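Asker: Protein chains in written order, with full-length UniProt numbering: chain A, 1 to 260; chain B, 1 to 260.
Any given hint might turn out to be false.
Same chains, same names: a pair is fine if it fits in one copy or spans any two.
[To be verified] When the alpha-carbon atoms are kept at most 16 angstroms apart in a straight line, the in silico EDC-like pairs for lysine to aspartate or glutamate are as follows:
| id | residue 1 | residue 2 |
| --- | --- | --- |
| 1 | K20 | D188 |
| 2 | K20 | D199 |
| 3 | K151 | D106 |
| 4 | K151 | E130 |
| 5 | K20 | D44 |
| 6 | K151 | D119 |
| 7 | K151 | D134 |
| 8 | K151 | D188 |
| 9 | K151 | E135 |
| 10 | K151 | D78 |
| 11 | K151 | E74 |
| 12 | K20 | E48 |
These are computed hints drawn from the structure, not numbers from a lab. Predicted, not measured: the structure shown is a model, and the values here were computed from it.
Number of protein chains: 2
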Amino acid sequence: MSTTHSLTVLKLGGSLITHKDQRETVDWNSLDRACATIGTFLGDLPDEHRLIIVHGGGSFGHHNAAEHGVSSTEGSTDARALTAIHHAMGELNGAVLGGLHDHGIDALPVRPLSVAAQDGPLQFPTASVEAMLDEGFVPVTHGDVVVDDRKGGTILSGDDIVVSLARTLGADRVGLCSTVPGVLDDDDAVISQVDTYDDVASVLGGSDATDVTGGMAHKVRQLLALDAAAAIFALDDLSQFLEHGTAGTVISGHDEERSH
Amino acid sequence: MSTTHSLTVLKLGGSLITHKDQRETVDWNSLDRACATIGTFLGDLPDEHRLIIVHGGGSFGHHNAAEHGVSSTEGSTDARALTAIHHAMGELNGAVLGGLHDHGIDALPVRPLSVAAQDGPLQFPTASVEAMLDEGFVPVTHGDVVVDDRKGGTILSGDDIVVSLARTLGADRVGLCSTVPGVLDDDDAVISQVDTYDDVASVLGGSDATDVTGGMAHKVRQLLALDAAAAIFALDDLSQFLEHGTAGTVISGHDEERSH
Numbered sequence: 001m002s003t004t005h006s007l008t009v010l011k012l013g014g015s016l017i018t019h020k021d022q023r024e025t026v027d028w029n030s031l032d033r034a035c036a037t038i039g040t041f042l043g044d045l046p047d048e049h050r051l052i053i054v055h056g057g058g059s060f061g062h063h064n065a066a067e068h069g070v071s072s073t074e075g076s077t078d079a080r081a082l083t084a085i086h087h088a089m090g091e092l093n094g095a096v097l098g099g100l101h102d103h104g105i106d107a108l109p110v111r112p113l114s115v116a117a118q119d120g121p122l123q124f125p126t127a128s129v130e131a132m133l134d135e136g137f138v139p140v141t142h143g144d145v146v147v148d149d150r151k152g153g154t155i156l157s158g159d160d161i162v163v164s165l166a167r168t169l170g171a172d173r174v175g176l177c178s179t180v181p182g183v184l185d186d187d188d189a190v191i192s193q194v195d196t197y198d199d200v201a202s203v204l205g206g207s208d209a210t211d212v213t214g215g216m217a218h219k220v221r222q223l224l225a226l227d228a229a230a231a232i233f234a235l236d237d238l239s240q241f242l243e244h245g246t247a248g249t250v251i252s253g254h255d256e257e258r259s260h
Numbered sequence: 001m002s003t004t005h006s007l008t009v010l011k012l013g014g015s016l017i018t019h020k021d022q023r024e025t026v027d028w029n030s031l032d033r034a035c036a037t038i039g040t041f042l043g044d045l046p047d048e049h050r051l052i053i054v055h056g057g058g059s060f061g062h063h064n065a066a067e068h069g070v071s072s073t074e075g076s077t078d079a080r081a082l083t084a085i086h087h088a089m090g091e092l093n094g095a096v097l098g099g100l101h102d103h104g105i106d107a108l109p110v111r112p113l114s115v116a117a118q119d120g121p122l123q124f125p126t127a128s129v130e131a132m133l134d135e136g137f138v139p140v141t142h143g144d145v146v147v148d149d150r151k152g153g154t155i156l157s158g159d160d161i162v163v164s165l166a167r168t169l170g171a172d173r174v175g176l177c178s179t180v181p182g183v184l185d186d187d188d189a190v191i192s193q194v195d196t197y198d199d200v201a202s203v204l205g206g207s208d209a210t211d212v213t214g215g216m217a218h219k220v221r222q223l224l225a226l227d228a229a230a231a232i233f234a235l236d237d238l239s240q241f242l243e244h245g246t247a248g249t250v251i252s253g254h255d256e257e258r259s260h
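With the rest of the complex left out, here is chain A:
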């Protein structure tokens, strides 16, 4: 990729763009608001910025995966079951693409089952993603089934894809947009800055604790390991994140040059 562009990796959480309790139901209102905000941002900066969008599975991925007994650790060799989970995620991906197209965003799909594999570490070749970015498209990828060494197929989370792509492509900004305004302290106030895991261990649990926060502890640990600064924020702050790179809780990057 050209070094004159900055690159943002933005995750739209599954709980944000779907109704999590209703099977395979898009939250069209939230999805449209997110797409409108992204469209306004890209419209203002057509040639300066490159964007990758990753979305979660919400009520499309989780029900299907659970029914077939597939998780990030439990695999299946039943190709029909794996294809069914992948197909459901494709339906959600199609809805996200349509929402983005409606706001003038040149979004194209990148389906992880087709490109990635778990072989110990995640293999996610980026020829297609880089070509899309170079041509001015917005790649839209998602949590999905992927083939996993000696396990058949397992679930690759959207969060893991965010981390992999941000690291491989040297993203400048990483944002997780979800239904929570950030990492919350014991009084439910947003913690504005996290520099080490110790800063949040008292609210998210120690390194050995069960992840009682619905994955927040795992997200924070993954984002702390990135070179780029990252942010966790709600939809109301998406515009601020896209314009300024900070919103909600900012997780410091390891690369001091880059993380201001």
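With chain A's structure known, arrange chain B on it following the hints.
Answerer: Below, chain B alone, put in the same frame as chain A:
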């Protein structure tokens, strides 16, 4: 991949598995016969053989691509149009997967737009395909839209994918199953063996001629450049090809050891 396995790349032509004159119409009869034959073959040889299936677009790809003015040379930057062509190919891919599943074949999709890119030569990273083969799955890929350097998105043909994967993965056998029984001579008899293009120039046209044979001249040239021997044959000969590696017209490989 393990070297104890042999690898076949099999193309199911778009004209074979769809009704080419009826928009987006699967030829269920032909598709089911092909899937049944493949299922019988794999059932007899569960651990010895690895198979990749590539299918063409037929009446799913061609109408859509033509409507949007997209071809292998003419690109489009309209993401909604590119997504529509890709979506139509996904419908056909889903039908092929379903047919294979019905015959007990552990088939999984590999969508080229997600993994490949044209950057002068075709880039088609094979991490996902190799992982599928290692886990005993049958990757099923197809002609598709791919992003093309400075052109937006163009059409990548199933034939080009066959050649790319056969070369990258060192396929032992390559077969093109279509509606014709092979390369035909002037009396419409099947030419059993082609060692050089000169053998067929009189019926397919010289190197400068327009490809009046619906792409057959291009197919023969591509297959002659492969190390593996290749065959062009009709559905009636699919079983023979899978069992013996020869059927219809055999195109000699460059690798004499491999091409017997």
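Asker: Would you mind marking each hint as holding or not holding in the structure?
Answerer: Verification of the supplied hints:
With identical chains, the CA atoms of K20 and D188 are never at most 16 angstroms apart, being 22 angstroms at best within one copy and 61 angstroms at best between copies. In this assembly of identical chains, the alpha carbons of K20 and D199 never lie at most 16 angstroms apart, being 30 angstroms within a copy and 63 angstroms across copies at closest. In this assembly of identical chains, K151 and D106 lie within 16 angstroms of each other by CA distance solely across copies; the values are 14 angstroms between and 36 angstroms within a copy. When the C-alpha separation of K151 and E130 is checked against a cutoff of 16 angstroms, the pair qualifies only between copies, where the shortest distance is 14 angstroms, while the shortest distance within a copy is 29 angstroms.
In the homo-oligomer, the alpha carbons of K20 and D44 never lie at most 16 angstroms apart, since the shortest distance is 33 angstroms inside one protomer and 44 angstroms across protomers. In this assembly of identical chains, the alpha carbons of K151 and D119 lie at most 16 angstroms apart only when taken from the same copy (10 angstroms versus 34 angstroms across copies). For the identical chains of this complex, K151 and D134 are inter-copy neighbours only, at 11 angstroms across copies versus 35 angstroms inside a copy, given an alpha-carbon limit of 16 angstroms. Within a single copy, K151 and D188 get their C-alpha atoms no closer than 40 angstroms, and across copies no closer than 50 angstroms, so neither meets the 16 angstroms cut-off.
Within a single copy, K151 and E135 get their C-alpha atoms only as close as 36 angstroms, which misses the 16 angstroms cut-off; across copies the closest is 8 angstroms, which meets it. Proximity of K151 and D78 under a CA criterion of 16 angstroms is satisfied intra-copy only: 11 angstroms inside one chain copy versus 39 angstroms between copies. Only within a single protomer do K151 and E74 lie at most 16 angstroms apart by alpha-carbon distance; the minimum there is 7 angstroms, versus 42 angstroms between protomers. Taking CA atoms no more than 16 angstroms apart as the test, K20 paired with E48 passes in neither setting, with 35 angstroms inside one copy and 44 angstroms between copies.
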